[in-house]
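All chains should be built: construct the whole structure from the sequences, respecting the hints.
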Amino acid sequence: MIRPTAASPRRGDGRRRTYTPLVRVDVLTTFPEMFSLDAPGVLGVSIPKRAIESGAIDVVATNIRDFADPPHFKTDDRPFGGGPGMVMLCEPIWRASKHVEGLDDRPITPLFLAPHGETLTQEIVEDLAAAPRLMILCGHYEGVDERVVEKLSPRVLSLGDYVLSSGELAALTLIDAVARLQPGVLGHGDSSTQDSFGPPPATNPNGEPVPPKKLAKWLGEHGLGPDERLVDCPHYTRPRLWEGLEVPSELLSGDHDAVLRWRLGRMADRTKAKRSEDGRSRLAPGNDPS
1 MIRPTAASPR RGDGRRRTYT PLVRVDVLTT FPEMFSLDAP GVLGVSIPKR
51 AIESGAIDVV ATNIRDFADP PHFKTDDRPF GGGPGMVMLC EPIWRASKHV
101 EGLDDRPITP LFLAPHGETL TQEIVEDLAA APRLMILCGH YEGVDERVVE
151 KLSPRVLSLG DYVLSSGELA ALTLIDAVAR LQPGVLGHGD SSTQDSFGPP
201 PATNPNGEPV PPKKLAKWLG EHGLGPDERL VDCPHYTRPR LWEGLEVPSE
251 LLSGDHDAVL RWRLGRMADR TKAKRSEDGR SRLAPGNDPS
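Counting with this note's numbering, you get residues 1 to 290 for the letters of the sequence shown.
Check before you lean on any hint, since a few could be wrong.
27 angstroms max Cα-Cα, derived BS3-like pairs, lysine-lysine [said to hold, decoys possible]: (1) K274 <-> K217; (2) K274 <-> K214; (3) K151 <-> K214; (4) K213 <-> K151; (5) K272 <-> K217; (6) K98 <-> K217; (7) K151 <-> K98; (8) K98 <-> K74.
By construction, these hints were calculated from the structure, which means they are not laboratory data. All values reported here derive from a predicted model rather than from experimental measurement.
Here it is as structure tokens:
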């Protein structure tokens, strides 16, 4: 017997969906309350809220505990081989995943957030944002029994070389990154195309296209190519003078080409600095790739 579940076709807040979202995200978790669609939860404010309310994305949290065996509905047990912590059980996760897969006919992309996964990048986010369905398994405690991970065969992702208290926090980060790329979610249509880790801007600040040869020439001045993914430049707003610090004169010139060249230069500086820093991290003691 399985404990009755309140999961889909209802949304994470219990309200029944009346539309098919562009992207449906199902989260397998033992803490579904972390995915509340009401403020002050992460999904109930700002851009994630706008994405969900517009129908661009839907987030449905499925409680793994609902698929555990009675009477205690355990989802974890002590690890074979000893050691601290608890390991999440295979069967409740497997049952929950099969339930979720049957809720929508569209193909589903299973994901698992874990330290050994490939580091999440904007390119990966763009790929996931184009998928119709995502299913995110959130680990907790000491980890997840590796056998169910092998059975699910998910794409394993990591946010970086640090430890969070749960996979739920990483899942919320991933959901936000995917949500903001959905059509119409951001206030300005070009906002996501000019984010960090995107390609060089194809238009000047006035929205006019920049000839590819001109853009390539300006990037070449900084040793970068037109297909580079760049870190964003510094930004400024009023007042022009604050605490003795002035806004760069190029941004006040009214010359759209001058503004774009200045921004490309600062993007190049930051991109090269980050590459250098990333290179040092990869070659730090204990990270020797040889």
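Results for each hint:
1. K274 <-> K217: Given pair K274, K217 holds - Cα atoms ~22 angstroms apart, limit 27 angstroms.
2. K274 <-> K214: 25 angstroms, holds
3. K151 <-> K214: 51 angstroms, violated
4. K213 <-> K151: 50 angstroms, violated
5. K272 <-> K217: 18 angstroms, holds
6. K98 <-> K217: 53 angstroms, violated
7. K151 <-> K98: It holds: about 11 angstroms lies between the C-alpha atoms, which stays within 27 angstroms.
8. K98 <-> K74: Judged against 27 angstroms, a Cα distance of about 18 angstroms means the pair holds.
Consistency note: the structure conflicts with the earlier hints numbered 3, 4, 6.
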